[in-house]
Amino acid sequence: MEQAFRRARGGVVDRNSPVTFSFNGKSYRGFTGDTLASALLANGVHMVGRSFKYHRPRGIMGAGSEDPAGIVQIGKSAHALPNTRASEQEIYEGLESFAQNCWPSLKYDINALNDLFSAFIPAGFYNKTFKGPPGSWALFEPFIRRAAGLGKAPPEADPARYEHTNRHCDVLVIGAGPAGLMAALAAARAGARVMLVEETAQPGGRLLSQNPDSLKLDGKTPAGWVQGLEAELRGHEDAQILTRACAFGYYADNYIGLIENVSDHLPLPVRSENLVRQRLWHIRARQVVLTTGAIERPLVFHGNDRPGIMLASACRTYLHRYGVLPGKKAAVFTGNDSAWATAFDLSDAGVEIAAIVDMRKEPNPELLESARQRGIDVHLHSVITRISGRHRIRAALVQKLDGAGKVASGASALFCDLLAVSGGWSPNVALFSQSRGKLRYDEDIAGFRPGKSWQKERSAGACNGQYSLESCLDAGAAAGVEAARSCGFEAPPSRLPDIKNDRAQHFGHEAVWEVPSALPPHKTRAFVDLQADVTVKDLSLAQLEGYISVEHAKRYTTSGMGTDQGKTANMNAFAILAAKQGKSIPELGITTFRQPYKPVTMGALAGQHVGDFLSPRRTTPMHEWHEANGALFEPVGDWLRPWVFPQKGESFEETLMRETRAARSSLGVLDASTLGKIDVRGPDARVFLSRVYTNAWMKLKPGHCRYGLMLGEDGMVKDDGVTACITDEHFHMTTTTGGAAPVMSTLEDSLQTEWPELQVYLTSTTEQWAVISLCGPNSAGLAGELLDDLDPDPEYFPFMSWRNAHIGGLPVRVFRISFTGELSYEINIAASYGLWLWEKVMQEGAKYGITPYGTEAMHLLRAEKGYIITGQDTDGTMTPADLQMGWIVKKTGDFIGRRSLSMSALMEEDRKQLVGLLTDDPELVLKEGAHVIATPREGAKPVPMLGHVTSSYFSPNLGRSIAMAVVKGGAGRMGKPLFVTRPGLAPAPVKVSATDFLAMSQEKLP
Amino acid sequence: MSRYSIFSLLREGLNGQRGWGRAWRQPKPEDAYDVVIIGGGAHGLATAYYLAKEHGISNIAVLEKGWIGGGNSGRNTTIIRSNYLYDESAAIYEHALKKWETLSRELDFNIMMSHRGVLNLAHDEAEARQIKRRIEANRLNGIDSEWLDARQVKEFCPPVNVSPSARYPVLGGSLQRRGGVNRHDAVVWGFARAADALGVDIIQQCEVIAIKTRGGAVTGVETTRGSIKTPKIASVVAGHSSVIASMLDIRLPIQSHPLQALVSEPVKPAIDCVVMSNAVHAYISQSDKGELVIGAGIDHHLGYSQRGGLNVIEHALAAIVELFPSFSRLRMMRQWGGIVDVCPDASPIIGKTRVKGFFINGGWGTGGWKATPGSGHVFAHTIAHDEPHPIAAPFALERFTAGALVAEHGAAAVAH
Amino acid sequence: MFEIECPYCGRRDGSEFSYAGEAHISRPSGDEEISDEAWAGFVFMCRNIKGVQAERWVHSAGCRRFFNMLRNTATDQILAVYKMGEEPPEVEKQPLPSPSGESLGSGNDAVQVMGKGET
Amino acid sequence: MSDPRRKSPLAHRKALNAPDGAVSLRERAFLAKFILRVSADGEVAEVLKLPVMANTSLKHNGSTILWLGPDEWMFMAAADGGGEMKARLGEFLGGVHHQLTDVSDHYTVIEISGRKAYEILMKLTPFDLHPGAFKIGHVAGTMFGKTAGLIINRSVDMPEFDIIVRWSMADYLWCLIAEAGREFGLPAQEPVGQVRGLRYREAS
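Top line first, the protein sequences correspond to chains Z, F, H and V.
For the first sequence, the numbering used here begins at 1 and goes up steadily by one.
For the second sequence, the numbering used here begins at 1 and goes up steadily by one.
For the third sequence, the numbering used here begins at 1 and goes up steadily by one.
For the fourth sequence, the numbering used here begins at 1 and goes up steadily by one.
I should point out that these hints are in silico values taken from the structure, not numbers from a laboratory.
Note that the structure is predicted; figures quoted are calculated from it, not measured.
Backbone N, C-alpha and C fix where the C-beta goes; we use that ideal spot for every residue, glycine too.
Keep in mind that the hints are not guaranteed to be accurate.
Claimed, not checked - Mimicking BS3-like on lysine-lysine, the simulated pairs with C-alpha atoms at most 25 Å apart in a straight line are:
| hint | chain 1 | residue 1 | chain 2 | residue 2 |
| --- | --- | --- | --- | --- |
| 1 | Z | Lys76 | F | Lys212 |
| 2 | F | Lys289 | Z | Lys152 |
| 3 | Z | Lys128 | F | Lys99 |
| 4 | Z | Lys456 | H | Lys93 |
| 5 | Z | Lys847 | Z | Lys912 |
| 6 | Z | Lys583 | F | Lys28 |
| 7 | Z | Lys76 | F | Lys154 |
| 8 | F | Lys212 | Z | Lys580 |
| 9 | F | Lys268 | Z | Lys76 |
| 10 | Z | Lys583 | Z | Lys438 |
| 11 | F | Lys98 | Z | Lys128 |
| 12 | Z | Lys991 | Z | Lys927 |
| 13 | Z | Lys152 | F | Lys268 |
| 14 | Z | Lys128 | F | Lys289 |
| 15 | Z | Lys152 | F | Lys212 |
| 16 | Z | Lys580 | Z | Lys128 |
| 17 | Z | Lys941 | F | Lys99 |
| 18 | Z | Lys941 | F | Lys98 |
| 19 | F | Lys53 | Z | Lys128 |
| 20 | F | Lys212 | F | Lys229 |
| 21 | Z | Lys583 | Z | Lys452 |
| 22 | F | Lys268 | Z | Lys107 |
| 23 | F | Lys289 | Z | Lys107 |
| 24 | F | Lys268 | Z | Lys128 |
| 25 | F | Lys53 | F | Lys229 |
| 26 | Z | Lys452 | H | Lys93 |
| 27 | Z | Lys26 | F | Lys268 |
| 28 | Z | Lys438 | H | Lys93 |
What the hints assert, rightly or not - Here are the in silico distance ranges between beta carbons for each label pair:
| hint | chain 1 | residue 1 | chain 2 | residue 2 | range |
| --- | --- | --- | --- | --- | --- |
| 29 | F | Thr224 | Z | Gln581 | 50 to 56 Å |
| 30 | F | Ile209 | H | Gly10 | 39 to 45 Å |
| 31 | H | Glu87 | F | Ile209 | 40 to 46 Å |
| 32 | V | Gly42 | Z | Gly876 | 42 to 48 Å |
| 33 | Z | Arg982 | H | Gly21 | 51 to 57 Å |
| 34 | Z | Asp498 | F | Thr224 | 55 to 61 Å |
One chain only, chain Z, in its complex shape (with noise of 0.2 Å):
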């Protein structure tokens, strides 16, 4: 029958729209606002899984996302969402769910077999089994993993969208229940910017799970007291309520990460591409209020597992929010007062009640006349001690305690479908705890309560251990009150609602951890963790193998380390591993409440900035002419740079030779925008300068260019590049590429930290210059056609100096350097005009081919004059003498790493330093990183290494192949043979050589 256990009204679940959905193949309806497992549980479904490790049949036990054992795969292929929770899955049309764990179904479940072994298979079981010969582990160890894990991962990309967002409020509050809606409406009347976030779909909280026909707010039923409320929140302008989201993260000053479905609860093919899945916020709250209620704690005993057995408030839920019944004929097992409120609203309900077993001598009077007026049957100081059902509970023996609190002789059975079980309640203190607030014990609940605050938060209603349905509302709108105060906001006492309750509410309880058992310890199996299969003998054995503390109990068991978090076992867990130990709860301690609350998905987490978005792709002003020329780009940092224009047919390295011949024999050109460019200026620019660099910088004229090594203080190059004079107060100082932001910054520090009083400012450039340099014989013919003012004539416009020019009339800087070794001119022109220079570059000298050549076509033909590449060439552990660039260091005056070239590591002889090597077989081209060794065979292991190959290329300008590599004491080797290693082959035997190849080859190269 369809939905045979639906009441027929009630909840807040629309039934004028049924939805139609399925559970391992089969189809099912519920209705719009059922959480999958209130739709299952209206269709008589409780089993809906299988456990982590012996493979139990799982079923719902709670109501929302502290129940450990309901989870669900929901979804196929790209779209399948493993470890969901059914409790908290909203359903829509279409849904698909299938069990987990399982297989071959979720009847017969073969792994279930691990379950006869139990015994053999403990805690620990794993550290003292497969521990040799070695490689056994390896065999095992596929078998375990696969029995591991719970769903599926899809292998399909996630086609969704998520978002992050930000927020600033005055007063965060979380948690919709009764007193959250007090405390946020408090704190916005008062005119504070609020925001009330809400785990599930709608604000009520515990008021939903309410008998709306014995509970009356303001004479209204607790939704309509609820919807009243949210329409006034609504009505402010600076409050926001936000629904389906869950304060996952309580962070550093008050920055508290939430997470909100936005289209998970609709059906696949309406989800708009336009909406993210999910959206994650950031919120940074001046005063945070936590109202996130409190768990109710299962109780531990024999058999207590089984699906069927269910917290008795998540049974108050579902009747009375999504209007199900969880069974048809119950018994509520307790030790506290609040679960008899479960027992009489199924009653009133038309459940069968089997009886109401109380652990407890004498609960409250007023619940036994209650009791007896519905005529159920009472069991008190008993236990239930065995459970029969497999796949859902079919009957609970229950049992007598004698005077010592044991279990006495004499058994009787109760036939029941549902077994509502309370063990108390926690108040739910993980945020609190998070924010590193200190918690306190407190006997009179049994619980952790919040005890010190560490940042600005406040605790009210059930998370502070405040129960009853008045204190909540009191201490929810005091908190509003408060924390809107504190923000400095005006805020006047809140009134509290007229409450009409016809149902007592008692929260008396007496703390009963690990419920009595009829069977020898070691027999029985009293689940502490339902997901995660830890039992109290798991407990035991920690505690008997010495894993006392309660972090090791928790590592050695698993216990609480499981998807829920251990919301619903920790406590139990604490209680009875003290107990163990003879000490109390608090002397015992308890473990970490981290971050997240409840799992969080990593595509949320990643949120937007992701593919395209992972980091920006900077591209320069003449992007779009390289990437319609066909270039290929190679990242370099975020910039993407031109790296060859092969054209048609070529292959990468018949396209490096043509544009590197080009270069020399005719005219290249590159676009060197990304270069990292700093304005220099004030009256001490020079000092600072001479500080910065390794070289003097007293005494360059206006009109030149400078090349300058930056060390660290360590003494390693760090960056290079060219520094023009302006003025004698004004220099324009170029980095590399990726060197830009880490100069800048490095220069910034040492004049605000180091050196004040230099009258110096420093502002980034990089971007206002697009860069042209014209490289080969013909670049001075036509940089001559292209300056309107400008005569380029090396003889008037020397190597290393730069001059103000215009062409077509626009400004110009143009430098003559080289990084090529080649007469060059760099063209810097304002951004805006880079493109329009570019093209006019390429149309005036098509005359002389002009070629534009791409990165690696520039670091052959620096390779070719045996310039360095930081970075290709260093690696942070190269001094300029180990470069051979002593000449660049300055005898006298300080500068940044100066000190450093002296201490005695740097100063040995036979530290690694930059040579060229010369295969004695030209054709041959050394592997960039192969390493550098003494003899023609490598010999056995290890191999001694001299260094390595830095740089390496076939060069076509000369022939022949050139290499740049680091070998100890290379300076002292030129000439000398020596060897580079190649996987698989013979050492290629080299000759040590200068790093000048071009030079080299006009003296004729080998």
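Chain Z is already provided as a structure; the job is to place chains F, H and V on it using the hints.
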């Protein structure tokens, strides 16, 4: 120490698991020890174990301020590899890797050493060049290491996205097949149990407050559980090295930073190797329980709060999602932070100090776990002989005054 | 990430800032005679304080100014922010609950439980 | 009319408008921009009408002056006003130690306006743009996604913000804003620099 065997397991299975002995004792501190080791993490316990086993010194106390393995040992992502660039580093990490291979058997405790292979990805030419240089150095040092091109990477690790249009495309990577992961708690417990069996006192909840010296030599420690006399003190307190050293007015070239990690919910096997990416600052493997274990980058500020920013986690996951688009739907289940000691050259400090009898082992940065047995072994030798073990010698503190750094930045997973 | 009060721009998210190391360290001039050890002390050695540290930050996404701050590195509490060249202000001593600054028996990330009588 | 030879960093992007005026996005290209670094002590601040209060801006003589830092301001003017502005500033600053740098092309300006501008921008920045906190005329340097930028509140009747961003980051930011605006009807934009083809030398 009763051995764990198939027979003991069967016996206890039938016996209701009631007959097991304690894995280690809970002794009270004695008045004096031959050696006091500060820090009950894996490195400290390994040091104690090797001192007792190989150097006959068993009158040792390991002092742990909290619970053993509760610092970085319990917080790291357990990646094991030895494919380091420089000879000095390769030597110590390979020394460790050889020991990892047989450690389960030696300790009679399954540390779940899984040699499933470690991939270090290259995302641009510069990185590829650097990695190839390292592979070649590894080969010449006799350490297994090979280059995989993008296609081979995909074959070895199918979930990796090797699309050339990715923001950080995979050009290839190095693979060390002997590398892998193990179980951090098991290593701590295994060393503790074995050291305890050799007579080492493991004293938890015992924090060192001061170090006492006379004439430039240590004489003992003051702890929250009383004074202890000893001629030799070894500090092995990842993250807190400077705190202990400051008790002797020793400054170290170490900065402590938050380093974060996280695990996903458990799922059936989805990735069968370890993947590390330097460029995007993330590393990932899957535990035997099914959780994806993901390491994030370090926070750049100094910090002892064992907490970093959420933004660092978000960056790491953006990188993971980029590399593994199918993991985007999985959920982060737990995040946490540790404190890493970072040296300027990304290499550790192992050795003596100017105070006689005070030895230090720290500064491992993000790379300490994989060195554990090697570190403990050479440190024990150094303590026992008052002279550095040859493998430890290059990592002496003096290298900073000489300028003889072992600059391993490129070899660490996270560039500092 | 914590929030930082930039002395120029006001309170901003920490992601706008970059950490720039210990404060109040003067760089020895390369002109003076200084031992290898003293120089290495400047270049490499750190106090690396657990507790209140004077340190430098730069508002890199904002005004680009470097400034000083007193922060408890064990708790990430910022006690004072002051400009370059200024002396650190007096701040209240932050007594640490144990020598390591954390409750005994746990990592300092662990849950802290109040003792009896503690308020 | 601007020089046809000139091309702005977002010249390849058309202005975007969401339906119902929810949000509009356009580049304000070619604005003249200068960064002035000078000590605010002395008369300079007064003479040049520099806003000395943090995070504020002033309009003066047809240019907008933005506070960037205690010794740093940005002058913005119409595209053709740069030369004049520079000359005028130079005159005032004669003998004072200062730095005046043309950054007209170093940065461009993205204007975002409309009802949803706030909601869209808050997806990108940790800075509080709430009208109660970030008032009209206020300026702030902060992060937008992974790029730094300067934001100015230029709202009149409708929320309107200018974001000043570096040339090379402009396309990234443009597309990121559009992405954030998709739920309000902005079309998705594909960033430039999609890399196709060979990515690795040895693969050739």
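Cross-check of the supplied hints:
1. A hinted pair counts as satisfied when its Cα atoms are at most 25 Å apart, and Z/Lys76 with F/Lys212 does not qualify at roughly 65 Å.
2. Taking the CA atoms of F/Lys289 and Z/Lys152, the gap is about 13 Å. The hint holds against a cut of 25 Å.
3. Straight-line distance between C-alpha atoms of Z/Lys128 and F/Lys99 comes to about 19 Å, which keeps the hinted pair within the 25 Å bound.
4. Simply put, Z/Lys456 and H/Lys93 have alpha-carbon atoms about 21 Å apart, close enough for the 25 Å limit, and the pair holds.
5. At roughly 46 Å between alpha-carbon atoms, Z/Lys847 and Z/Lys912 are farther apart than 25 Å, so this suggested pair is violated.
6. Of the supplied pair hints, the one linking Z/Lys583 and F/Lys28 holds, its CA atoms being roughly 19 Å apart against a limit of 25 Å.
7. At roughly 24 Å between alpha-carbon atoms, Z/Lys76 and F/Lys154 fall within 25 Å of each other, so this suggested pair holds.
8. Distance hint between F/Lys212 and Z/Lys580 is unfulfilled; the C-alpha atoms sit about 39 Å from each other, more than 25 Å.
9. For the given pair, F/Lys268 sits about 15 Å from Z/Lys76 by alpha-carbon distance, which is consistent with the 25 Å threshold.
10. With a C-alpha separation of about 20 Å, the suggested pairing of Z/Lys583 with Z/Lys438 holds against the 25 Å cut-off.
11. Note on F/Lys98 and Z/Lys128: the hinted pairing holds, with a Cα-Cα distance of about 22 Å set against a maximum of 25 Å.
12. Simply put, Z/Lys991 and Z/Lys927 have alpha-carbon atoms about 16 Å apart, close enough for the 25 Å limit, and the pair holds.
13. At roughly 5 Å between alpha-carbon atoms, Z/Lys152 and F/Lys268 fall within 25 Å of each other, so this suggested pair holds.
14. The straight-line distance between the Cα atoms of Z/Lys128 and F/Lys289 is roughly 17 Å, inside the 25 Å bound, and the hint therefore holds.
15. For the proposed pair Z/Lys152 and F/Lys212, the alpha carbon gap of about 57 Å is over 25 Å, so the pair is violated.
16. For the proposed pair Z/Lys580 and Z/Lys128, the alpha carbon gap of about 24 Å is at most 25 Å, so the pair holds.
17. Pair hint Z/Lys941 plus F/Lys99 holds up; C-alpha atoms about 19 Å apart against a cutoff of 25 Å.
18. For the hint linking Z/Lys941 to F/Lys98, the alpha-carbon distance of about 16 Å falls within 25 Å, and the restraint holds.
19. Between the alpha carbons of F/Lys53 and Z/Lys128 the distance comes to roughly 21 Å, so the proposed pair stays at or under 25 Å and holds.
20. Distance check on the hinted pair: F/Lys212 and F/Lys229 sit about 9 Å apart at the alpha-carbon level, within 25 Å; holds.
21. This hinted pair checks out: Z/Lys583 and Z/Lys452 have alpha carbons roughly 23 Å apart, not beyond 25 Å.
22. Taking the CA atoms of F/Lys268 and Z/Lys107, the gap is near 20 Å; set against the 25 Å cutoff, the hint holds.
23. A threshold of 25 Å between alpha carbons decides the hint, and for F/Lys289 with Z/Lys107 the separation of about 23 Å falls inside it, so the pair holds.
24. A threshold of 25 Å between alpha carbons decides the hint, and for F/Lys268 with Z/Lys128 the separation of about 24 Å falls inside it, so the pair holds.
25. A hinted pair counts as satisfied when its Cα atoms are at most 25 Å apart, and F/Lys53 with F/Lys229 qualifies at roughly 22 Å.
26. Taken as a hint, the Z/Lys452 and H/Lys93 pair is honoured in the structure, with Cα atoms around 20 Å apart against an allowance of 25 Å.
27. Between Z/Lys26 and F/Lys268 the CA atoms are separated by roughly 24 Å; this keeps the pair inside 25 Å, and the hint holds.
28. Simply put, Z/Lys438 and H/Lys93 have alpha-carbon atoms about 21 Å apart, close enough for the 25 Å limit, and the pair holds.
29. Remark: the range hint 50 to 56 Å for F/Thr224 to Z/Gln581 is contradicted by a beta-carbon distance near 20 Å.
30. Between F/Ile209 and H/Gly10 the CB atoms are about 41 Å apart, so this pair conforms to the stated range of 39 to 45 Å.
31. Remark: the range hint 40 to 46 Å for H/Glu87 to F/Ile209 is contradicted by a beta-carbon distance near 31 Å.
32. Between V/Gly42 and Z/Gly876 the beta carbons are some 44 Å apart, a value that agrees with the proposed interval 42 to 48 Å.
33. Against the hinted window of 51 to 57 Å, the Cβ-Cβ separation of Z/Arg982 and H/Gly21 comes to about 44 Å, which falls outside the hint.
34. Between Z/Asp498 and F/Thr224 the beta carbons are some 56 Å apart, a value that agrees with the proposed interval 55 to 61 Å.
When each numbered hint is compared with the structure, violations occur for hints 1, 5, 8, 15, 29, 31 and 33.
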